[in-house]
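S.K.: Sequences and hints are given; from them, build the entire structure.
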Amino acid sequence: MRCLVVADLHYSLPQLDWLVSAAPQFDLLIFAGDALDIGSIVDFRAQIVVVKKYLALLAAQTRVILCSGNHDLDERNTEGEKVARWISEVRELGIACDGDSLGIGDTLFTVCPWWDGPLVKQRIVEQLRDAATGRLRRWIWAHHAPPADSPTSWGGKRFFGDVELVQWIMQYQPSMVISGHVHQSPFITGGSWFDRLGQTWVFNTGLQPGRPPTCIVLDLDADKAFWLAAGEAQWIDLNAPLKRPAAPIEAPPDWLTFLDRISDPSLARPRAAAG
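Using this note's numbering, read the sequence shown as starting at 699 and increasing by one per residue.
Think of the hints as simulated: they come from the structure by calculation, not from any bench.
Just to be clear, a hint being listed does not mean it is correct.
Simulated pairs of lysine-lysine, DSSO-like, Cα-Cα distance not exceeding 27 Å [claimed, not checked]:
hint, residue 1, residue 2
1, 819, 780
2, 922, 941
3, 941, 855
M.R.: Shown next as structure tokens:
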């Protein structure tokens with residue numbers, strides 16, 4: 699199973715267009731939050747309409763998982779906590795979203811919402827507890843914020859991760875946690891696109907402008923993770939211990955080259971890797 703992972707597209711239509719073109723090459727698309735952009739001049743309601751149309755196109759081509767990020771929140775619940783009401787509506791498209799768990803083969807995917815207060819946080823606690831009873835050989839979480847005190851949440855001056863997530867990871871030891879949120883982590887000294895807490899691999903795609911978004915490709919059959927950014931292409935062996943820096947991709951497979959992130963083998967030899 700090959701999974702394409704993106705996050706933090708922030709209503710970038712060129713990147714969403716690229717995603718539609720790339721999606722058919724994969725068995726699963728994991729969108730780890732922040733599909734919308736609260737700082738955009740485009741009205742938030744219009745953004746939701748457009749993004750849902752893109753999600754419908756994506757869902758027609760492959761399986762899709764979408765978790766909410768802090769830019770996706772469009773309402774408050776009865777307790778005043780911010781929630782992404784619109785994301786629950788994409789379930790009608792066959793997309794697994796906040797609060798869902800999806801089993802594919804020997805892998806269970808659990809989709810966590812962005813939490814803004816104790817009520818939604820408690821829902822995540824209950825969600826993980828319930829999902830743990832049916833966990834499969836591999837358990838992967840989509841959770842927009844990366845864990846605290848991890849290179850994947852390093853912003854250059856301080857960490858921007860989720861302290862509660864660290865506790866949940868240590869309690870359940872899932873196979874992987876897919877995150878985003880801290881845009882610069884993979885590109886700065888002390889940051890990274892990958893980390894490991896116990897037996898759990900943690901990923902943060904990072905964010906760059908331009909048509910092809912920064913992305914991660916998980917080849918679960920080969921137990922490899924590939925990170926593709928402008929001028930940088932790296933991979934790690936998921937069966938090996940944590941090792942830094944990641945290895946450059948020197949001989950990309952055809953299906954990976956197709957993404958136009960490695961159009962020339964020279965691009966597979968990155969500058970000094972941040973992670």
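S.K.: Next, verify each hint and record whether it holds.
M.R.: Structure-based check of all given hints:
no.	hint	result
1	819 x 780	holds, 12 Å
2	922 x 941	holds, 13 Å
3	941 x 855	holds, 23 Å
When the structure is compared with the earlier hints, no violation turns up for any of them.
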